[in-house]
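K.L.:
Heads up: the first sequence at position 69 corresponds to 238 in my numbering, and the numbers run straight through without jumps.
Treat the hints with care, since some could be wrong.
[Claimed, not checked] DSS-like mimics (lysine-lysine), calculated; alpha carbons at most 30 Å apart, straight line: (1) Lys-407 with Lys-345; (2) Lys-516 with Lys-591; (3) Lys-309 with Lys-407.
[To be verified] Per label pair, the in silico range of CB-to-CB distance: (4) His-267 with Ala-396: 13 to 23 Å; (5) Pro-655 with Asp-614: 13 to 23 Å; (6) Leu-395 with Arg-664: 51 to 61 Å; (7) Gly-496 with Glu-663: 24 to 34 Å; (8) Ala-418 with Glu-663: 49 to 59 Å; (9) Gly-221 with Glu-663: 17 to 27 Å; (10) Arg-253 with Arg-664: 44 to 54 Å.
The set of hints was computed from the structure by calculation and includes no laboratory data.
Glycine included, every Cβ here is placed at the ideal spot set by N, Cα and C.
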Amino acid sequence: MPIHNADIAAVFSEIADLLEIESANPFRIRAYRNAARVVGDASVDVCGMVAGEKDLRMLPGIGADLAAKIREIVQTGKCAFLDRLHGEVPPAIAELLHIPGLGPMRVRILWHALGVETLEQLRRVAGEGRIREVPGFGEKSEQKILQAVEAHLSKTQRFTLAVATQYVDALAAHLKAAAGVDRVEAAGSFRRRRETVGDLDMLVTAAANSPVTAAFTGYEEVAEVLASGPTRASVRLKSGLQVDLRVVAPESYGAALYYFTGSKAHNVAVRRLAQERGLKINEYGVFRGDARIAGESEESVFEAVGLPWIPPELREDRGEIDAAMKGRLPALVDLEDLRGDLHCHTKATDGRDTLEAMAQAAKAAGLEYLAITEHSQRLAMARGLDAERLAAQIDEIDRLNDKLRGIRLLKGIEVDILEDGKLDLPDAVLARLDIVVASIHSHFDLPQAKQTRRVLKAMDHKHFTLMGHPTARLLDEREPCELDMPRIIRHARERGCGLELNSQPDRLDLVDTWCKAAKEEGVLVSIDSDAHSVRDFANLRFGIGQARRGWLEAADVLNARPLAELRRLVGH
DNA sequence: GCCGTTTTCGGCCCGACTGTTTTCAGTCG
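Can you make the complete structure from the sequences, with help from the hints?
P.N.:
Below you can see the structure in the form of structure tokens.
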């Protein structure tokens with residue numbers, strides 16, 4: 170079994186949890202947490218670095234000790250230090266840290282006082298009224314813990330960006346109606362365009378006497394008020410989504426927006442920069458001693474520490490601060506940069522609208538070309554096209570193109586990659602197409618070596634243009650296929666193929682870190698809607714968000730090219 | 001445990017809210 174970056178990150182996270190319960194040096198704990206994040210986010214395969222005997226200390230926050238632990242994990246699948254910790258602290262106890270309101274200190278107290286080592290035991294002692302007897306706890310804490318455990322056991326979920334958008338829009342409208350409210354912005358991971366958000370951070374600027382906090386906790390969708398003060402409040406909506414509200418004066422807008430956009434790791438790194446310059450950054454501004462020198466805009470905050478404004482999507486402490494210092498920030502791709510879309514479906518298969526309706530919708534979305542890429546015959550459930558029906562659609566597209574103005578339809582297919590790596594339609598009909606998107610829709614769980622061979626072989630096909638939703642993951646539903654992505658990206662470069670970034674909110678596949686790896690390798694990415702109806706072109710903005718998180722510029726995006734250039738690039 | 005254009009040792013980001021307190025630690029973001 171190959172060791173993934175995520176496996177190594179999980180080991181370091183667990184070590185950090187257990188060390189926390191042991192009250193270890195907080196900075197040592199931070200080093201493990203930081204290492205977990207760096208390895209988990211890395212766009213290089215750490216396992217491959219070990220195999221290639223690369224120096225792991227190239228990774229920020231990885232020194233001699235952690236490098237040795239990574240090698241140990243990759244080579245043996247185990248970590249002796251973690252095993253030792255398991256002998257000192259019951260392993261399941263780390264899970265208790267994920268209960269809101271319980272930190273390392275209180276977990277340790279409950280463990281020592283009541284022998285609580287698991288979530289089930291925690292629920293039992295809370296239900297029996299024994300927690301209130303423990304010094305430092307009271308009846309209220311006990312109630313909160315009981316509720317939190319039950320909520321946790323019934324699975325806490327994250328929300329896709331598309332769903333979160335609906336909550337943001339409705340709540341923002343409600344808050345704007347409160348007296349004295351000036352601006353309302355969603356900050357946090359929503360503004361950074363992470364593919365899912367665990368909670369919403371709403372920032373409001375308002376006059377000092379504004380009743381906006383009361384308006385917030387009184388919002389009709391609120392199920393529970395978790396906390397409420399003059400400048401902060403937290404609620405849980407009926408949907409289970411937690412929303413945190415922060416209220417600041419207008420002159421602090423930029424500092425607060427910056428601060429609450431995060432990420433935490435990014436903020437910590439920038440505050441350290443500020444510290445070196447004798448400055449302090451908080452949510453109210455940038456301060457030299459008691460004097461406030463910036464904060465009304467985000468730009469002013471960055472300027473105070475000698476940096477240009479960094480787009481929110483890059484603020485993950487993945488090298489953006491270094492790039493900003495060197496004047497090498499990417500000019501990130503925008504929705505307006507897209508000239509076309511290379512993946513959509515119509516009524517002929519599992520789409521809902523006609524060819525012409527899809528063409529008009531694409532034009533209305535500001536696009537100049539649209540590839541029609543139905544499913545192929547193997548996908549019977551979607552009424553996939555065989556060679557004959559595809560030939561008929563090709564003719565229909567030719568006829569339609571004669572009368573369409575301002576939008577050009579391209580002939581394409583989303584052809585299945587069969588288990589053996591062959592494509593699901595004969596060469597003769599594929600040769601008539603402008604775009605061949607090839608996708609995996611079956612045998613998702615092949616072992617990595619076999620799955621990788623399958624894709625590499627498909628890419629070797631002379632008509633292969635683009636790998637559709639490359640890892641086939643579905644958020645919250647299906648794990649990504651086991652693929653050696655660095656190898657696939659290299660192969661795409663050698664073969665001149667592209668990779669798709671599918672914009673469906675529950676796909677967003679290619680993910681940001683692989684987008685960055687593709688860019689670094691010189692492989693073009695196509696940001697496609699995979700629209701199944703005229704409304705789905707709106708999803709392109711989510712793909713753009715993921716692309717921006719992956720540092721992509723317009724030049725890295727296949728469908729940001731004008732049609733003539735696109736045709737040249739794909740060889741048709 | 002990491003890191004160094006002031007350091008190979010001694011630093012390592014900042015403030016609000018809650019509950020159980022008698023002045024603040026713990027937790028969270």
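K.L.:
All hints, please: hold or fail.
P.N.:
Against the structure, the hints come out as follows:
no.	hint	verdict
1	Lys-407 with Lys-345	holds, 21 Å
2	Lys-516 with Lys-591	holds, 26 Å
3	Lys-309 with Lys-407	holds, 22 Å
4	His-267 with Ala-396: 13 to 23 Å	holds, 19 Å
5	Pro-655 with Asp-614: 13 to 23 Å	holds, 21 Å
6	Leu-395 with Arg-664: 51 to 61 Å	holds, 53 Å
7	Gly-496 with Glu-663: 24 to 34 Å	holds, 32 Å
8	Ala-418 with Glu-663: 49 to 59 Å	holds, 57 Å
9	Gly-221 with Glu-663: 17 to 27 Å	holds, 19 Å
10	Arg-253 with Arg-664: 44 to 54 Å	holds, 47 Å
In summary, this structure violates none of the numbered hints.
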